[in-house]
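Asker: Chains as they are written, first to last, in this note's numbering: chain A, 1 to 226; chain B, 1 to 216.
These aren't lab readings, by the way, just hints derived from the structure by calculation.
Just so we're clear, the structure is a prediction, and the values are computed from it rather than from any experiment.
It cannot be assumed that every hint is accurate.
[To be verified] Computed list of lysine to any residue pairs in SDA-like fashion (alpha-carbon distance at most 25 Å, straight line):
(1) A/K117 <-> A/G178
(2) B/K178 <-> A/A159
(3) B/K178 <-> A/P140
(4) B/K178 <-> A/R86
(5) B/K215 <-> A/A159
(6) B/K178 <-> A/A87
(7) B/K215 <-> A/K132
(8) B/K215 <-> A/K117
(9) B/K178 <-> A/A214
(10) B/K215 <-> B/L6
(11) B/K215 <-> B/Q166
(12) B/K215 <-> A/D56
(13) B/K215 <-> A/E211
(14) A/K132 <-> A/T184
[Unchecked claim] If you only want the chain B side, here are some residues facing chain A, beta carbon under 10 Å, derived:
(15) S8
(16) L16
(17) A30
(18) F37
(19) R159
(20) P160
(21) H162
For every residue, glycine included, the Cβ atom is placed at its ideal position computed from N, Cα and C.
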Amino acid sequence: MNGPVIHDAWTLPVDDNINPYAFSVDLNGQWFLQKGKMVAYYGQIDFHGVGLGHLDHLIAYSFHSPLHAADWVVAEGQGKMVLADRAFDVNSYDLEDGNLSIRSGNLLAFQPSLSLKQSIVPGFLTLLGTGKFVAASNGPVVFMEPPIRVDPQALVGWADCPTPCHHYDHQYLRGFLGAIRSRTGLGGASGEEHQFEFVGAGTVLLQSTEEVVAEISVGETGGTGS
Amino acid sequence: MPFTLLTSRMVEAQVLPGQTLFSQRGAMLAYRGDVRFTPSITGGQRGVRGMIGRRIADEDTPLMTVEGQGTVMFGHGGHHVHVIDLVGDTLYVESDRLLAFDGSLRQGTMFMGSQGGVMGMVRGQVTGQGLFTTTLEGHGSAAVMAHGGVLELPIDQGRPVHVDPQAYVAHRGDVRNKLSTAIGWREMVGRGSGEAFQLELSGTGMVYVQASEEKL
Numbered sequence: 001m002n003g004p005v006i007h008d009a010w011t012l013p014v015d016d017n018i019n020p021y022a023f024s025v026d027l028n029g030q031w032f033l034q035k036g037k038m039v040a041y042y043g044q045i046d047f048h049g050v051g052l053g054h055l056d057h058l059i060a061y062s063f064h065s066p067l068h069a070a071d072w073v074v075a076e077g078q079g080k081m082v083l084a085d086r087a088f089d090v091n092s093y094d095l096e097d098g099n100l101s102i103r104s105g106n107l108l109a110f111q112p113s114l115s116l117k118q119s120i121v122p123g124f125l126t127l128l129g130t131g132k133f134v135a136a137s138n139g140p141v142v143f144m145e146p147p148i149r150v151d152p153q154a155l156v157g158w159a160d161c162p163t164p165c166h167h168y169d170h171q172y173l174r175g176f177l178g179a180i181r182s183r184t185g186l187g188g189a190s191g192e193e194h195q196f197e198f199v200g201a202g203t204v205l206l207q208s209t210e211e212v213v214a215e216i217s218v219g220e221t222g223g224t225g226s
Numbered sequence: 001m002p003f004t005l006l007t008s009r010m011v012e013a014q015v016l017p018g019q020t021l022f023s024q025r026g027a028m029l030a031y032r033g034d035v036r037f038t039p040s041i042t043g044g045q046r047g048v049r050g051m052i053g054r055r056i057a058d059e060d061t062p063l064m065t066v067e068g069q070g071t072v073m074f075g076h077g078g079h080h081v082h083v084i085d086l087v088g089d090t091l092y093v094e095s096d097r098l099l100a101f102d103g104s105l106r107q108g109t110m111f112m113g114s115q116g117g118v119m120g121m122v123r124g125q126v127t128g129q130g131l132f133t134t135t136l137e138g139h140g141s142a143a144v145m146a147h148g149g150v151l152e153l154p155i156d157q158g159r160p161v162h163v164d165p166q167a168y169v170a171h172r173g174d175v176r177n178k179l180s181t182a183i184g185w186r187e188m189v190g191r192g193s194g195e196a197f198q199l200e201l202s203g204t205g206m207v208y209v210q211a212s213e214e215k216l
């Protein structure tokens, strides 16, 4: 294929990726959307802040995280809505009567058939139910099966498995050299003393780098620090 | 070959008992099995002498040794990863680009002046490599980081390759390289093409080039 592909309201994909960094939602009703993640839309779409107006019952049904209420809006109407986030990789995932926890900054949007709650692990949100959601990751996502230990920063989320626990590894501080290292600080740390440990059946979602998708306040631009 | 690419930016390494792997500190993303990560005080191989050499050469990127039995996933900074398998030849690469490498490879430092004399030193300054670079020699694999994907450009006898110094990642084989300058009156009046400095690599071997002019 040569040259750029030109999309219009009809040729935009239906609930699918346009390219690795942009996702097109075929809106017919309502979607929850994190503020600032919509980059373009066709059609008649209204954006309402969470916690206001006539959407009370919808919010009561599917939004249970007052901590994040200020960061979310409801997109309502009909049309095609393009989502993207700072050129991070974007993907959609389907949940079927499932549960999935995800880093709050990584979640872009979800269908109201899912219900959003705060995870016990700080900084993570849990989605329950059946439906589709869209998430960003720094680099493509890799799916892993427990048992596995994961760098907390590389963790995007986990599904259907027990909540992780902390794993601390200070084995390198044992022995003669280790004693010198822990007393004097010479030799430094490996940077790998702390992991999240997953056991049991389920799936762990990892991004390809330990640089987290930072949350940015609405109205700010850039901000990835480079 | 202990490295397998999982995505363009993430590599999986097999760790077997009795074999050591070196990796950049903090670059582990996840692991399975019984694996130990130990900060390497000397920053790599050849003991204290090697450490002093690397400190002087400014090639002392903090490393850790990875030992045990299992699989480890590595990735760093969202950079693309490229796996290079060495079969007895030498890889010349900056130490901060090394994500992980086999302990079976011999790690050393090389003075830039020894590949092209004074111009080699000038080249080191222009490419941002400094006066020294790291060498890996022997049989084994290395995972190298680059900003954007990596191209492999073969260098043949009589067919030199010209590379933008900023896009240069690493090279291997029997390669001489020199900095070619194309500075004319346009550069003097501020109307240059922006490509005044080029790296010319000749001989036989391979040069690795990243799809970006941004250094790590």
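Asker: Determine for every hint whether it applies to the structure shown.
Answerer: Okay, the hints, checked on the actual structure:
no., hint, in the structure
1, A/K117 <-> A/G178, "43 Å, violated"
2, B/K178 <-> A/A159, "54 Å, violated"
3, B/K178 <-> A/P140, "38 Å, violated"
4, B/K178 <-> A/R86, "39 Å, violated"
5, B/K215 <-> A/A159, "37 Å, violated"
6, B/K178 <-> A/A87, "37 Å, violated"
7, B/K215 <-> A/K132, "38 Å, violated"
8, B/K215 <-> A/K117, "41 Å, violated"
9, B/K178 <-> A/A214, "42 Å, violated"
10, B/K215 <-> B/L6, "24 Å, holds"
11, B/K215 <-> B/Q166, "6 Å, holds"
12, B/K215 <-> A/D56, "50 Å, violated"
13, B/K215 <-> A/E211, "18 Å, holds"
14, A/K132 <-> A/T184, "52 Å, violated"
15, S8, "7 Å, holds"
16, L16, "18 Å, violated"
17, A30, "4 Å, holds"
18, F37, "4 Å, holds"
19, R159, "30 Å, violated"
20, P160, "32 Å, violated"
21, H162, "27 Å, violated"
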